[in-house]
Amino acid sequence: DAGVIQSPRHEVTEMGQEVTLRCKPISGHDYLFWYRQTMMRGLELLIYFNNNVPIDDSGMPEDRFSAKMPNASFSTLKIQPSEPRDSAVYFCASSRWLGRSNEQFFGPGTRLTVL
Amino acid sequence: AQTVTQSQPEMSVQEAETVTLSCTYDTSENNYYLFWYKQPPSRQMILVIRQEAYKQQNATENRFSVNFQKAAKSFSLKISDSQLGDTAMYFCAFMEGLNGGATNKLIFGTGTLLAVQP
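If you read the sequences in order, they're chains A and B.
Note that the numbering used here numbers the first sequence so that position 111 is 122, with each residue one more than the last.
Note that the numbering used here numbers the second sequence so that position 28 is 1283, with each residue one more than the last.
No lab work stands behind these hints, which were simulated from the structure alone.
Just so you know, not all the hints are guaranteed correct.
[Unchecked claim] Pairs of lysine-lysine, DSS-like flavour, derived with a Cα cap of 27 angstroms: (1) B/K1360 <-> B/K1325; (2) B/K1310 <-> B/K1328; (3) A/K35 <-> A/K79; (4) A/K35 <-> B/K1333; (5) B/K1333 <-> B/K1310; (6) A/K89 <-> B/K1360; (7) A/K79 <-> B/K1325; (8) B/K1325 <-> B/K1310; (9) A/K89 <-> A/K35.
[What the hints assert, rightly or not] Ranges between beta-carbon positions, derived for each pair: (10) A/E73 <-> B/D1336: 42 to 48 angstroms; (11) A/A13 <-> B/Q1257: 31 to 37 angstroms; (12) B/S1262 <-> A/E73: 28 to 34 angstroms; (13) B/L1368 <-> A/R33: 41 to 47 angstroms; (14) A/E114 <-> B/Q1312: 40 to 46 angstroms; (15) B/K1325 <-> A/I16: 20 to 26 angstroms; (16) B/T1258 <-> A/Q91: 27 to 33 angstroms; (17) A/W108 <-> B/Q1324: 27 to 33 angstroms; (18) A/P95 <-> B/A1256: 47 to 53 angstroms; (19) B/A1327 <-> A/M51: 24 to 30 angstroms.
[To be verified] To give a feel for the contact side, a few chain A residues facing chain B, derived at Cβ under 10 angstroms: (20) E55; (21) L56; (22) E73; (23) F76; (24) S77; (25) F85; (26) T87; (27) Q115; (28) P119.
C-beta atoms are modelled at their ideal positions from N, C-alpha and C, and glycine is treated no differently.
Construct all of the structure, not just a fragment, from the sequences and the given hints.
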């Protein structure tokens, strides 16, 4: 089985540009998570979806960030306009509801650099 | 709010030796789950081991085991017979329980960078 797929793996952009990160969860998984990893703040949960519906977006830093999940196999995280402080590694993860703690499977991450 | 603390930013161990990574957490809940994740230089996050708070028995996975002290809110990871491939950043993580299940929200510690020396 293919794992969680993220694209692009690396993104370099200039301040003010729109950035779109993409994620394909593992087939059959009904939860999808977006995390951000920085040296200063570590790993933070930004938002997560259940059955394509956003459940908790309290970690989204500000209105410049938005996330969508139009179907069970695709999600996007968009930053518009981007700023240098958005530079980080962004991870997507997915899991399947088993009634208890469910292992989250992480993608390889997208390293974003905003100049 | 729940917090996870890893007080050891870096550790080093000789190959084949045993090392213990520390983790403490703060919660007022009785039902929760604890995890250790490994992040090697490839950046991939990999689940190492998981512990349910309602289970008294410490979880083990081959060379990896935990020492779960619920009263002390401590959750340390022991790696036995360390191998070069164990070199990675290790994250302790907490997930709150919900109505017999889980919230699915992981809260991570700041990580411990483990270097296994040949």
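Hints, one by one, checked against the model:
Annotation: proposed proximity of B/K1360 to B/K1325 holds, straight-line Cα distance about 20 angstroms (limit 27 angstroms). Of the supplied pair hints, the one linking B/K1310 and B/K1328 holds, its CA atoms being roughly 14 angstroms apart against a limit of 27 angstroms. Only pairs whose Cα atoms come within 27 angstroms are accepted, and A/K35 paired with A/K79 is accepted, the gap being roughly 12 angstroms. Among the hinted pairs, A/K35 with B/K1333 is inconsistent with the structure: their alpha-carbon atoms are about 34 angstroms apart, more than 27 angstroms.
For a cut-off of 27 angstroms, the pair hint linking B/K1333 to B/K1310 stands: about 18 angstroms separates their Cα positions. Only pairs whose Cα atoms come within 27 angstroms are accepted, and A/K89 paired with B/K1360 is accepted, the gap being roughly 21 angstroms. A distance of roughly 38 angstroms separates the Cα atoms of A/K79 and B/K1325; the hinted pair therefore is violated under the 27 angstroms criterion. The hinted pair formed by B/K1325 and B/K1310 meets the criterion: a straight-line CA distance of about 10 angstroms does not exceed 27 angstroms.
With a C-alpha separation of about 15 angstroms, the suggested pairing of A/K89 with A/K35 holds against the 27 angstroms cut-off. The given range of 42 to 48 angstroms is respected by A/E73 and B/D1336, whose C-beta atoms sit roughly 47 angstroms from each other. Judged by the Cβ atoms, the range 31 to 37 angstroms given for A/A13 and B/Q1257 holds: they are separated by roughly 33 angstroms. One distance hint, 28 to 34 angstroms for the beta-carbon pair B/S1262 and A/E73, holds here, with the actual separation near 31 angstroms.
As the Cβ distance of B/L1368 to A/R33 is approximately 30 angstroms, the hint placing it in 41 to 47 angstroms is violated. Evaluation of the 40 to 46 angstroms hint for A/E114 and B/Q1312 yields a failure: the beta carbon distance comes to about 19 angstroms. Distance hint check: the CB atoms of B/K1325 and A/I16 are about 38 angstroms apart, inconsistent with the given range 20 to 26 angstroms. B/T1258 and A/Q91 have their C-beta atoms about 32 angstroms apart, which keeps the hinted 27 to 33 angstroms range intact.
The supplied range of 27 to 33 angstroms is met by A/W108 and B/Q1324, whose beta-carbon atoms lie about 30 angstroms from each other. Range check, A/P95 to B/A1256: Cβ separation about 28 angstroms, and the 47 to 53 angstroms hint is violated. Roughly 29 angstroms separates the CB atoms of B/A1327 and A/M51, a value that falls within the hinted 24 to 30 angstroms. The beta carbon of A/E55 comes within 8 angstroms of a beta carbon in chain B, closer than 10 angstroms, and the hint placing it at the interface holds.
The interface hint given for A/L56 holds, since its Cβ lies 6 angstroms from the closest Cβ of chain B, which is under the 10 angstroms cut-off. Hint status for A/E73: violated, given a least beta-carbon distance of 20 angstroms to chain B, over 10 angstroms. Given hint, A/F76 at the interface with chain B, is violated; its Cβ is 17 angstroms from that chain's nearest Cβ, farther than 10 angstroms. At a threshold of 10 angstroms, the smallest CB-CB gap from A/S77 to chain B is about 20 angstroms, leaving the interface hint violated.
Annotation: interface hint on A/F85 violated; nearest CB of chain B at approximately 20 angstroms, more than 10 angstroms. For the restraint placing A/T87 at the interface with chain B, the shortest Cβ-Cβ distance is roughly 20 angstroms, beyond the 10 angstroms limit, so the hint is violated. Taking 10 angstroms as the C-beta cut-off, the interface hint given for A/Q115 holds, the closest approach to chain B being about 7 angstroms. Residue-level restraint check for A/P119 holds (minimum Cβ-Cβ distance to chain B is 6 angstroms; threshold 10 angstroms).
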